[in-house]
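Q: Residues per chain, in single letters:
Number of protein chains: 4
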Amino acid sequence: MRISGKLRKDAGHIWKKIFEHPFVVELYSGTLPMERFRFYVLQDYNYLVNAIKNFSIICSRADTADVVKEIADVIHLEATSEFNGYEELLNKLGYKIEDAMNVDAFPINVSYRSFLLATSSLRPYQESITSVLPCFWSYSEIAKHHRDKLSENKNEIYVEWASVFLSGDYLNLVNKLRNFVDTFCEDYPYGKLRDIFITVSRFEYMYWDAVYKMESWPV
Amino acid sequence: MRISGKLRKDAGHIWKKIFEHPFVVELYSGTLPMERFRFYVLQDYNYLVNAIKNFSIICSRADTADVVKEIADVIHLEATSEFNGYEELLNKLGYKIEDAMNVDAFPINVSYRSFLLATSSLRPYQESITSVLPCFWSYSEIAKHHRDKLSENKNEIYVEWASVFLSGDYLNLVNKLRNFVDTFCEDYPYGKLRDIFITVSRFEYMYWDAVYKMESWPV
Amino acid sequence: MRISGKLRKDAGHIWKKIFEHPFVVELYSGTLPMERFRFYVLQDYNYLVNAIKNFSIICSRADTADVVKEIADVIHLEATSEFNGYEELLNKLGYKIEDAMNVDAFPINVSYRSFLLATSSLRPYQESITSVLPCFWSYSEIAKHHRDKLSENKNEIYVEWASVFLSGDYLNLVNKLRNFVDTFCEDYPYGKLRDIFITVSRFEYMYWDAVYKMESWPV
Amino acid sequence: MRISGKLRKDAGHIWKKIFEHPFVVELYSGTLPMERFRFYVLQDYNYLVNAIKNFSIICSRADTADVVKEIADVIHLEATSEFNGYEELLNKLGYKIEDAMNVDAFPINVSYRSFLLATSSLRPYQESITSVLPCFWSYSEIAKHHRDKLSENKNEIYVEWASVFLSGDYLNLVNKLRNFVDTFCEDYPYGKLRDIFITVSRFEYMYWDAVYKMESWPV
Numbered sequence: 001m002r003i004s005g006k007l008r009k010d011a012g013h014i015w016k017k018i019f020e021h022p023f024v025v026e027l028y029s030g031t032l033p034m035e036r037f038r039f040y041v042l043q044d045y046n047y048l049v050n051a052i053k054n055f056s057i058i059c060s061r062a063d064t065a066d067v068v069k070e071i072a073d074v075i076h077l078e079a080t081s082e083f084n085g086y087e088e089l090l091n092k093l094g095y096k097i098e099d100a101m102n103v104d105a106f107p108i109n110v111s112y113r114s115f116l117l118a119t120s121s122l123r124p125y126q127e128s129i130t131s132v133l134p135c136f137w138s139y140s141e142i143a144k145h146h147r148d149k150l151s152e153n154k155n156e157i158y159v160e161w162a163s164v165f166l167s168g169d170y171l172n173l174v175n176k177l178r179n180f181v182d183t184f185c186e187d188y189p190y191g192k193l194r195d196i197f198i199t200v201s202r203f204e205y206m207y208w209d210a211v212y213k214m215e216s217w218p219v
Numbered sequence: 001m002r003i004s005g006k007l008r009k010d011a012g013h014i015w016k017k018i019f020e021h022p023f024v025v026e027l028y029s030g031t032l033p034m035e036r037f038r039f040y041v042l043q044d045y046n047y048l049v050n051a052i053k054n055f056s057i058i059c060s061r062a063d064t065a066d067v068v069k070e071i072a073d074v075i076h077l078e079a080t081s082e083f084n085g086y087e088e089l090l091n092k093l094g095y096k097i098e099d100a101m102n103v104d105a106f107p108i109n110v111s112y113r114s115f116l117l118a119t120s121s122l123r124p125y126q127e128s129i130t131s132v133l134p135c136f137w138s139y140s141e142i143a144k145h146h147r148d149k150l151s152e153n154k155n156e157i158y159v160e161w162a163s164v165f166l167s168g169d170y171l172n173l174v175n176k177l178r179n180f181v182d183t184f185c186e187d188y189p190y191g192k193l194r195d196i197f198i199t200v201s202r203f204e205y206m207y208w209d210a211v212y213k214m215e216s217w218p219v
Numbered sequence: 001m002r003i004s005g006k007l008r009k010d011a012g013h014i015w016k017k018i019f020e021h022p023f024v025v026e027l028y029s030g031t032l033p034m035e036r037f038r039f040y041v042l043q044d045y046n047y048l049v050n051a052i053k054n055f056s057i058i059c060s061r062a063d064t065a066d067v068v069k070e071i072a073d074v075i076h077l078e079a080t081s082e083f084n085g086y087e088e089l090l091n092k093l094g095y096k097i098e099d100a101m102n103v104d105a106f107p108i109n110v111s112y113r114s115f116l117l118a119t120s121s122l123r124p125y126q127e128s129i130t131s132v133l134p135c136f137w138s139y140s141e142i143a144k145h146h147r148d149k150l151s152e153n154k155n156e157i158y159v160e161w162a163s164v165f166l167s168g169d170y171l172n173l174v175n176k177l178r179n180f181v182d183t184f185c186e187d188y189p190y191g192k193l194r195d196i197f198i199t200v201s202r203f204e205y206m207y208w209d210a211v212y213k214m215e216s217w218p219v
Numbered sequence: 001m002r003i004s005g006k007l008r009k010d011a012g013h014i015w016k017k018i019f020e021h022p023f024v025v026e027l028y029s030g031t032l033p034m035e036r037f038r039f040y041v042l043q044d045y046n047y048l049v050n051a052i053k054n055f056s057i058i059c060s061r062a063d064t065a066d067v068v069k070e071i072a073d074v075i076h077l078e079a080t081s082e083f084n085g086y087e088e089l090l091n092k093l094g095y096k097i098e099d100a101m102n103v104d105a106f107p108i109n110v111s112y113r114s115f116l117l118a119t120s121s122l123r124p125y126q127e128s129i130t131s132v133l134p135c136f137w138s139y140s141e142i143a144k145h146h147r148d149k150l151s152e153n154k155n156e157i158y159v160e161w162a163s164v165f166l167s168g169d170y171l172n173l174v175n176k177l178r179n180f181v182d183t184f185c186e187d188y189p190y191g192k193l194r195d196i197f198i199t200v201s202r203f204e205y206m207y208w209d210a211v212y213k214m215e216s217w218p219v
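Chains as they are written, first to last, in our numbering: chain P, 1 to 219; chain U, 1 to 219; chain W, 1 to 219; chain C, 1 to 219.
Take these hints with a grain of salt, some might be off.
[Said to hold, decoys possible] Here are the computed lysine-lysine pairs in the DSS-like style, where the Cα-Cα straight-line distance is at most 27 angstroms:
#1 Lys69/C with Lys92/U
#2 Lys192/P with Lys69/C
#3 Lys92/W with Lys69/P
#4 Lys17/P with Lys213/U
#5 Lys176/W with Lys16/W
#6 Lys96/U with Lys69/C
#7 Lys149/P with Lys16/P
#8 Lys69/P with Lys69/W
#9 Lys16/W with Lys213/C
#10 Lys154/U with Lys96/U
#11 Lys192/P with Lys192/C
#12 Lys213/U with Lys154/U
#13 Lys96/W with Lys176/P
[Unchecked claim] Among the chain W residues that face chain P by a calculated CB cut under 7 angstroms, a handful are:
#14 Val49
#15 Ile57
#16 Cys59
#17 Ser60
#18 Ala65
#19 Val67
#20 Val68
#21 His76
#22 Ile157
#23 Gly168
#24 Gly191
#25 Arg194
[Said to hold, decoys possible] According to the in silico footprint, chain P covers these stretches of chain U (three or more CB under 8 angstroms from chain P):
#26 10-18
#27 77-91
No wet-lab data here; the hints were simulated from the structure. Computed from a prediction, not measured in an experiment: that's the story for all the values here. Note that the Cβ used here is the ideal one computed from N, Cα and C, for glycine as well.
Next comes chain P alone, as it looks inside the complex (with noise of 0.2 angstroms):
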């Protein structure tokens, strides 16, 4: 079994709990309530452009130039077609950049993220990038999951957001991840990866429910 497989075989029961998390259920139904949804948008600001950091360290990390490469064309998509695109989305939501950039990340997003940016700047390559394959795999995930809801789902935003984890171009990206993974640590004890496999899954989750209650800090 290829080592992303085994990954994503144990972290099954998290990412079971992350397909049937209320946030997810009800944006592919379309009856999540918009709040829900603005709150969770303005923060992804915050993670977006840490994760075109994050995926620079391990550009510096990386063994060979043909990865080198590979990496720097992740950051440049994340820079510039995923960054359009949640431009975009801001504005159809009313917003302006500036608004996301103002906005206090809350708890999990500061907890999640650096967790990641820790990953990278002290572990070696091979556990950094099993560290960013969670987010992008179980959007995708998600996306397939619920994909026949999205035919009844009456708000075009979320169908529109959606639509997009399930494009060729965002395949492509989580396959080339997982085949980061697959190639670069297969000499890597497994164990080391399957901690980190298993932390960033329950972030995602967790990532998940503290949008849907619109988490502050508690002091």
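Starting from the structure of chain P, add chains U, W and C where the hints point.
A: Same frame as chain P, now just chains U, W and C:
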């Protein structure tokens, strides 16, 4: 006003909540259920190891040889007397160091340490030096705030644990760290230091809250 | 005066030596022995891969999303058009990319790239952004300084190579990097920027000198 | 064969050149012109401060708490006894610590320390732990190789300087570092360790050569 004093004041509402947190109050009064203290102590291992790592990163970013040596001194303190004290405490509670090593770090533990490590890895050392202050300083202030309770405290282990934070050695360490901030951050934009100090103070509060609730991963 | 202008002036005596270095003069005149140019081109692979890594590290230290995106743009440029141009040049010289990959980097190559990577890894990004300027900028200034020689230059490969650094695209990149320094380093101690700029300018000179002498490790 | 032994053997031709370098031979014989030794000692300050930084970075990448503590111990040794010994030596030569601080590091000094810092910042800690071995170990082997010369050496300062590297304490440190490599690098690709060990051994040779020639920047 000293920068550290200004930061302390700006985080005053959070520190007040820390002083009043039931874990803290019950610990100093001696009424904290032992199992919660045990939970706290076992989790501390992860925090301690990563604190040494964190100071190491800060040391590598220091501007001058004097600072390098000062921080190397703190690393030594953490890795020797602090670690030895920790192992003694484990023994008193009937644990071995392996018990602490094998404990799964709970969410806030992972989040807080990741925030510190990401800060020291990626941000100028003025921000990092600021990020380590709230933990050390608030422990000292908690001890001052609740010291009167200790005379009534029937739990010897709690009393002994607390007395460390009232010792001259500990106060010297706190003063040293405050001086770092006051000295090195003079020309650094205050707003960035404040953001860091507030975030870390919040993590301190959430850490106390999590150990009180003996928090585990939701999935 | 712009910070970059002041830095350029303070390194004037070094840049003058660069302009006058036989490798540079003979390259623009067309009299440089081909084997020296081949040596230079094969060594450049290592420099180029590490330049992408280096910009990636700087990207991860950037303060704002705008800067993150700007530097992500430079990473993309290096990893695509610059890399493609490099591969084409290799082909013209009868090499494959593998030939360049298998070349042992000579001392100044290792030293120079290590200095850049250590700076971006450990120093505030103002210093790192300053450290990458001399390479790009001096190539542009060299081209301006010697452009008249190109009309007499009989070596087509040399003329084509040099013309890149006279192109509008290249000038735009240089101006962008100068603007980074002028904008982001405004409040940063000038002395530190100057030390970095001088050291890197010296490495630039030593690099030209090393390729002219086709330097190898002394042991 | 132990990994460290294999590395030592593969770098044998370089180490032989180090043992035979005039700086080394004349230092142990007592015939080295004092001004060259003074040059060497003043330059060493920069190396020493960066060695502490370098071990700090390695500490932050360590896998287990045991290793974290072991390396914290080396940091302490470098920052205290090694630094104190250095200051005493400066005093004997009529210098103050400020004299060493104000010295401009020469090219190989900057290059060598940058290589170590870039390695510890960006590469897995197995490579970093390997990169620090040649300096400590070769000093010990040099001392063994030339110890007989010391009885005829009339220069007290040289004799005292050299005797440090014959002491039990120093031998223990070298053995500890060798054990790090033997233990932690067991499953790591040998070729990468070899490249690092060879490069650093070359820098060691070039360092001796540069101080013998009292090298300065060419521009």
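Q: What are the numbers of the hints the structure violates, in ascending order?
A: Violated: hints 19, 22, 23, 24, 25 and 27.
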